[in-house]
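Participant: Dock chain B against chain A, hints included.
Chain order of the listed sequences is A and B. Using our numbering, the first residue of the first sequence is number 1, and each one after it goes up by one. Using our numbering, the first residue of the second sequence is number 1, and each one after it goes up by one.
Hints should not be assumed to be uniformly reliable.
No distinction is drawn between identical chains; accordingly, a pair holds when it is met within one copy or between any pair of copies.
[What the hints assert, rightly or not] In the DSS-like style, the derived pairs of lysine-lysine whose C-alpha atoms are separated by at most 30 Å in a straight line are:
#: 1; residue 1: Lys341; residue 2: Lys114
#: 2; residue 1: Lys88; residue 2: Lys102
#: 3; residue 1: Lys183; residue 2: Lys305
#: 4; residue 1: Lys45; residue 2: Lys293
#: 5; residue 1: Lys102; residue 2: Lys341
#: 6; residue 1: Lys293; residue 2: Lys305
#: 7; residue 1: Lys45; residue 2: Lys88
#: 8; residue 1: Lys45; residue 2: Lys114
The set of hints was computed from the structure by calculation and includes no laboratory data. Note that this is a predicted model, so its numbers are computed, not measured.
There are 2 protein chains.
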Amino acid sequence: MSSILDNLEWMSELDRERMIDQINGFPDHLSSSLCTEVDVEFTGKGICLCGMGGSAISGDILADCVIRESEYHMSVLRGMELPGWVDKETLLIAVSYSGNTKEVLTVLDTAQSKGLNIVAVTSGGRLMEICEEEGIPYAMVPTGFQPRAALGYLLGSTACILETAGVIPIASNLTHLVDPLKKFQEILVPEVPIEENLAKRTALDLEGVVPVVYSASELSPAALRWHTQINENSKMMAFTGEVPECNHNHIVGWMEGSMDTFCRPVFLRSRTDNPSIKEIMSVTIDVLKEGGKSPVVLDFNEETKIHNLMAAIMVGDFVSYYLAMLNGVDPLPVESIQDLKRRMSSSI
Amino acid sequence: MSSILDNLEWMSELDRERMIDQINGFPDHLSSSLCTEVDVEFTGKGICLCGMGGSAISGDILADCVIRESEYHMSVLRGMELPGWVDKETLLIAVSYSGNTKEVLTVLDTAQSKGLNIVAVTSGGRLMEICEEEGIPYAMVPTGFQPRAALGYLLGSTACILETAGVIPIASNLTHLVDPLKKFQEILVPEVPIEENLAKRTALDLEGVVPVVYSASELSPAALRWHTQINENSKMMAFTGEVPECNHNHIVGWMEGSMDTFCRPVFLRSRTDNPSIKEIMSVTIDVLKEGGKSPVVLDFNEETKIHNLMAAIMVGDFVSYYLAMLNGVDPLPVESIQDLKRRMSSSI
Numbered sequence: 001m002s003s004i005l006d007n008l009e010w011m012s013e014l015d016r017e018r019m020i021d022q023i024n025g026f027p028d029h030l031s032s033s034l035c036t037e038v039d040v041e042f043t044g045k046g047i048c049l050c051g052m053g054g055s056a057i058s059g060d061i062l063a064d065c066v067i068r069e070s071e072y073h074m075s076v077l078r079g080m081e082l083p084g085w086v087d088k089e090t091l092l093i094a095v096s097y098s099g100n101t102k103e104v105l106t107v108l109d110t111a112q113s114k115g116l117n118i119v120a121v122t123s124g125g126r127l128m129e130i131c132e133e134e135g136i137p138y139a140m141v142p143t144g145f146q147p148r149a150a151l152g153y154l155l156g157s158t159a160c161i162l163e164t165a166g167v168i169p170i171a172s173n174l175t176h177l178v179d180p181l182k183k184f185q186e187i188l189v190p191e192v193p194i195e196e197n198l199a200k201r202t203a204l205d206l207e208g209v210v211p212v213v214y215s216a217s218e219l220s221p222a223a224l225r226w227h228t229q230i231n232e233n234s235k236m237m238a239f240t241g242e243v244p245e246c247n248h249n250h251i252v253g254w255m256e257g258s259m260d261t262f263c264r265p266v267f268l269r270s271r272t273d274n275p276s277i278k279e280i281m282s283v284t285i286d287v288l289k290e291g292g293k294s295p296v297v298l299d300f301n302e303e304t305k306i307h308n309l310m311a312a313i314m315v316g317d318f319v320s321y322y323l324a325m326l327n328g329v330d331p332l333p334v335e336s337i338q339d340l341k342r343r344m345s346s347s348i
Numbered sequence: 001m002s003s004i005l006d007n008l009e010w011m012s013e014l015d016r017e018r019m020i021d022q023i024n025g026f027p028d029h030l031s032s033s034l035c036t037e038v039d040v041e042f043t044g045k046g047i048c049l050c051g052m053g054g055s056a057i058s059g060d061i062l063a064d065c066v067i068r069e070s071e072y073h074m075s076v077l078r079g080m081e082l083p084g085w086v087d088k089e090t091l092l093i094a095v096s097y098s099g100n101t102k103e104v105l106t107v108l109d110t111a112q113s114k115g116l117n118i119v120a121v122t123s124g125g126r127l128m129e130i131c132e133e134e135g136i137p138y139a140m141v142p143t144g145f146q147p148r149a150a151l152g153y154l155l156g157s158t159a160c161i162l163e164t165a166g167v168i169p170i171a172s173n174l175t176h177l178v179d180p181l182k183k184f185q186e187i188l189v190p191e192v193p194i195e196e197n198l199a200k201r202t203a204l205d206l207e208g209v210v211p212v213v214y215s216a217s218e219l220s221p222a223a224l225r226w227h228t229q230i231n232e233n234s235k236m237m238a239f240t241g242e243v244p245e246c247n248h249n250h251i252v253g254w255m256e257g258s259m260d261t262f263c264r265p266v267f268l269r270s271r272t273d274n275p276s277i278k279e280i281m282s283v284t285i286d287v288l289k290e291g292g293k294s295p296v297v298l299d300f301n302e303e304t305k306i307h308n309l310m311a312a313i314m315v316g317d318f319v320s321y322y323l324a325m326l327n328g329v330d331p332l333p334v335e336s337i338q339d340l341k342r343r344m345s346s347s348i
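Same shape as in the complex, but just chain A:
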């Protein structure tokens, strides 16, 4: 089988700004940020992480761990208005890779006026300036990445904040995963041919369709990451859904609709999925197959939920990269986001 996905020279020409290096760097970025020290004090019950796009995904990953493994409540705010339950006992984590995300700066302003307990994660920009001026503790991550490609840094730093705050020992758990993730990455890189490369094969399965990425709640941050990475790296539409909720509505669109031929379902399964939901997912996949929908199914069989979540995210990042190659687009630039940001600065 001959494909551009095994043509390293061609891929290298298309990927002019070496997005592949940023994707390959994930385990190293994670590793290097897992020793971040930030001076956080926290005695409350709730955590609110505010961030947008690539800066918010680390929040989703960690909120999911916090909600399952601790008695703390944690939510991710993608917007401008603090929920009513956020009070002086809440830890507000402001995450903006660039440091200039309007939404995050707006929330920070409100949070300061309310005297909240704040900590930040950024590579610089206005957010860092405010932290310096106001004495707000912050974790510094390296500059020079696309925000979406800084996930390893943002995740590692935020994990350290949560561990220092006494919420959950997630930084320690992630530290143990760095080597296994590096090992896992070896089978996803461009040098590994299609036959042995899960990410390349999956990209070929999703060429020319709109992927709809499903998972149980175990892997829902990974499903969302697939969606946004396919949007930004591959320049494609993509959507997500969650099992079992999708069986109460989406399934009608797949099985009784006519537009489904432009879309293809992808299922991310974790060994640690709830056993009942595993069964439901299995039946759902069977129903879709019998209906001729050709679902793409990926199994993650590691021992822990966080390991499977990290692995699923890594596969998705590589899939989005290979889809960019199949689409003949440079994965790094996101001109339409830049255009919107320019217009926002002039209009608001």
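Facilitator: Leaving out everything else, chain B in the frame of chain A:
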């Protein structure tokens, strides 16, 4: 302009089981359930509503009101596992229209074993039996509807539970809206011709595409309701997104992708949207228009957020009905959901 959407006889033949009556009944259903009396005691800080599909949407609407207008935390659980923050001080509201939703019964079982403070909303089934056996207070809603068409009843009853519990005076607020909503409905019904009927015109705009329904957080429960009603009533794929998050990822799929021609963006705007987000949404719509994407834009200009939310939900319900007519399908049956439910009972 001649269209089947103005052919009442033809629509009546297609809608064999009179889904139109269930949709038309929304304000009356809401009204009749707003005097529900349930014996709830609550002194905690958090509320967890568990439900799936049509039974969960009332939770989304109310959680959004609670989060903005009170110091309580409320989340909607669409799944089987209670979050770690749920404790004896949490009010668990179990909502299953049929009373036999597996996910809700599973959560209820865990909640009972943990000794949580529980209240239920149902039309009967196993959930009602358990409540009777165990002395769990519950609100009874009428049988005989599709779960998605019982929204008025589920919303009204759950609002009464939250008001009785001292969380938020939302039942009183909804009572004031019943008459205005009945008035508003008069311009959406099948008897009103296309030229004067916003829902018919919108359905025509969405014929043959995959609608992607956007809103700010103000109307996000309405966007989700559009999505699921279009799935179930119209037998079509549909998706949602939220502004401003979509500008950090989705926009690339729309502006730089190739599959966007099968999809069409819909924007639900509320007069009560945050002013900065209004500006962002306006710029986003301009960008999509300049890119030739023809977004469908609907404005809801009432004084309050909850009024606009109810109005947006009503328009969406009628749009999904008219789309069913345009697709030549009976809006009521959802055979693929029934099929999955049958298979679930045998496999789990």
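Participant: With identical chains, the pair lysine 102 and lysine 341 could be close in the same copy or across copies; at 30 Å between alpha carbons, which is it: within, between, both, or neither?
Facilitator: within (9 Å within a copy, 45 Å between copies)
Participant: Go through the copies and call it for lysine 293 and lysine 305: within, between, both or neither, with a Cα cutoff of 30 Å.
Facilitator: Cα proximity of lysine 293 and lysine 305: one copy only (28 Å, versus 40 Å across).
Participant: At most 30 Å between CA atoms: does that hold for lysine 45 and lysine 114 within a copy, between copies, both, or neither?
Facilitator: For lysine 45 and lysine 114, both the intra-copy (17 Å) and inter-copy (20 Å) Cα distances are at most 30 Å.
Participant: Using 30 Å as the alpha carbon limit, work out where lysine 45 and lysine 293 are close: within a copy, between copies, both or neither.
Facilitator: Neither way: lysine 45 and lysine 293 sit 45 Å apart in one copy and 45 Å across, limit 30 Å.
Participant: When Cα atoms must be at most 30 Å apart, do lysine 341 and lysine 114 count as within-copy, between-copy, both, or neither?
Facilitator: within (28 Å within a copy, 48 Å between copies)
Participant: Since the copies are identical, ignore which copy is meant and state whether lysine 88 and lysine 102 lie within 30 Å (CA to CA) inside a copy, between copies, both or neither.
Facilitator: So lysine 88 and lysine 102 pass the 30 Å test inside one copy only (23 Å; across, 39 Å).
Participant: When Cα atoms must be at most 30 Å apart, do lysine 183 and lysine 305 count as within-copy, between-copy, both, or neither?
Facilitator: Classified as within: same-chain Cα gap 18 Å, cross-chain 51 Å, threshold 30 Å.
Participant: When no copy is named, should lysine 45 and lysine 88 be tagged within, between, both, or neither for a Cα gap of at most 30 Å?
Facilitator: both (10 Å within a copy, 15 Å between copies)
The earlier numbered hint that this structure contradicts is number 4, and it is the only one.
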